[in-house]
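For reference, the chains in residue letters:
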Amino acid sequence: MARPIICNSMAEAVSDIPDGIQLLVPGFGPGTPHNLLTALFNTSVKDIHAVVNGVGFPSAATDGRKSLGDLIAQGRVRKVTAAFTAPTHPSQQSIAAEMIRTGKMEAELVPQGTLAERVRAGGAGIPAFYTPAGVGTLTATGKEHRDFNGRTYVMEEAIFADYAFIRAWKADTAGNLIFRLAARNFNPIFAMGAKHTIVEVENPIVPAGELPPDQIHTPGVVIEKLVQIPPDGFFRDVPRA
Amino acid sequence: MTEAHTIAGKERMSRDFIAAVIARRFPKGWLVNLGVGMPTMVGGYVHPDQEIVFTSENGVIGYGGILSGNDVDPDVVNAGVQFVDLVPGAAIVHHADSFALIRRGMNHVTVLGCYEVAQDGSFANWRTSMGEWDNLGGIGGAMDLAACAQQVWVMMEHTTREGAPRLLEHCVLPVTAPSGVTMAFTDLGVFSVKNGRFTLEEYAPGWTPEEIAALTGAPLDISPTVSEVQFPR
Chain R
1 MARPIICNSM AEAVSDIPDG IQLLVPGFGP GTPHNLLTAL FNTSVKDIHA VVNGVGFPSA
61 ATDGRKSLGD LIAQGRVRKV TAAFTAPTHP SQQSIAAEMI RTGKMEAELV PQGTLAERVR
121 AGGAGIPAFY TPAGVGTLTA TGKEHRDFNG RTYVMEEAIF ADYAFIRAWK ADTAGNLIFR
181 LAARNFNPIF AMGAKHTIVE VENPIVPAGE LPPDQIHTPG VVIEKLVQIP PDGFFRDVPR
241 A
Chain W
1 MTEAHTIAGK ERMSRDFIAA VIARRFPKGW LVNLGVGMPT MVGGYVHPDQ EIVFTSENGV
61 IGYGGILSGN DVDPDVVNAG VQFVDLVPGA AIVHHADSFA LIRRGMNHVT VLGCYEVAQD
121 GSFANWRTSM GEWDNLGGIG GAMDLAACAQ QVWVMMEHTT REGAPRLLEH CVLPVTAPSG
181 VTMAFTDLGV FSVKNGRFTL EEYAPGWTPE EIAALTGAPL DISPTVSEVQ FPR
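Top to bottom, those sequences are chains R and W.
Using the working numbering, the letters of the first sequence correspond one by one to residues 1 to 241.
Using the working numbering, the letters of the second sequence correspond one by one to residues 1 to 233.
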């Protein structure tokens, strides 16, 4: 069976990423691939179309980690597809929202379940689906509608991206992945939803056969590269007071 | 000076009070989703005997209290990315399965924050601009939940900071869903939303139905069983 490439560093893992890619970025607080995002930040890659739950903010962490918000702030993200493109509270300011407002970055705002399902469908070989979410709202503007059993649905098209960055708890050399608790979120879906899936792993990568096949969340056949998070890498967020 | 101005300064129910009033209304065994913001407070006021199961968009099915300090597991958060604890019997699924459960209508109710609610059950909670559509806003899972939960309850302030009503004949802001709200809980009372009408079911302590109607931007029916809100024990 084809094995994923095990990279020696985060920099190596992102070294051949070209400009202009569509990139899946999972995470919902926990489960964000901060090490790969930081390594990408340290390249010159630009014109990214990011698919992400929220556009976020530049990282406020003092440990050097970067987020998608840092790439956005540098003008290296051409477009975002997200469920949050602006802060929910009008009093909050956001660089990303200001860039969208002034036309410096393109945006596509979608309901969160639709975002998840669009990538799930893409990774499952399904080109489009119908959902009731967003019917009768601005997000359904211009999209095909169809009635089933007396209810109106909107058609949403699948997303199959060029790259996905994934954050896993455990992995084996076959690329099989296990996620921990709510750090799972978008990770298994996004791991399936791209041509090139790169995974940062918290625990030491174990030999194939050591993880129980019954407990694998993502099969290794969809994984292209694995990289161990180094001891001085970015692990979990520090609990807030 | 209008009546609305003279009563605008009266004391209203606190967010905790409203949260407790909402929590009290959950029938036993309901599967409940709490939206980001004010609604997350509701979880702190359910009684264990109610056996409520709280779900969160990020795939957490069965969480309890909001935690802080060093007792948290950094990999367990709710939809507001607040650290929470898992209850016995909890399950965690990925985001697509989480929304599969939402879309198939598993949630008996979703309690969502709200800027405006209209008498037709439409409501607005994701965008404060009425300008040209520019793909800016914060939807999160609200549209999926609003379209698919069995009931939608909104938790909100009755008026804007300037005193304008948030209960309206028609939403002015872009809607989250064109229908679906069945109950509105504000700092002035409890309202049912049915057949294109608001009905006052309970009023805040110290307020009269007439005063509340004066601060409401749509016709307000008064329930024949209307009473003062009792702070739940």
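Any given hint might turn out to be false.
Said to hold, decoys possible - Quick list of in silico lysine to aspartate or glutamate cross-link-like pairs, EDC-like style, CA-CA up to 20 Å:
no., chain 1, residue 1, chain 2, residue 2
1, W, Lys10, W, Glu210
2, R, Lys170, R, Glu144
3, R, Lys104, W, Glu162
4, R, Lys170, R, Asp147
5, R, Lys79, W, Glu211
6, R, Lys143, W, Asp75
7, R, Lys104, R, Asp70
8, R, Lys170, W, Asp75
9, R, Lys104, W, Asp134
10, R, Lys195, R, Glu210
11, R, Lys170, W, Asp73
12, W, Lys10, W, Glu132
13, R, Lys79, R, Glu12
14, R, Lys143, W, Asp134
15, R, Lys79, W, Glu210
16, R, Lys195, R, Asp19
It is worth saying that the hints were derived from the structure and are not from the lab.
Since this is a predicted model, take the numbers as computed values, not measurements.
Do the hints match the structure? See the list:
| no. | hint | in the structure |
| --- | --- | --- |
| 1 | W:Lys10 with W:Glu210 | 14 Å, holds |
| 2 | R:Lys170 with R:Glu144 | 41 Å, violated |
| 3 | R:Lys104 with W:Glu162 | 34 Å, violated |
| 4 | R:Lys170 with R:Asp147 | 43 Å, violated |
| 5 | R:Lys79 with W:Glu211 | 49 Å, violated |
| 6 | R:Lys143 with W:Asp75 | 37 Å, violated |
| 7 | R:Lys104 with R:Asp70 | 15 Å, holds |
| 8 | R:Lys170 with W:Asp75 | 14 Å, holds |
| 9 | R:Lys104 with W:Asp134 | 12 Å, holds |
| 10 | R:Lys195 with R:Glu210 | 26 Å, violated |
| 11 | R:Lys170 with W:Asp73 | 17 Å, holds |
| 12 | W:Lys10 with W:Glu132 | 37 Å, violated |
| 13 | R:Lys79 with R:Glu12 | 25 Å, violated |
| 14 | R:Lys143 with W:Asp134 | 16 Å, holds |
| 15 | R:Lys79 with W:Glu210 | 51 Å, violated |
| 16 | R:Lys195 with R:Asp19 | 15 Å, holds |
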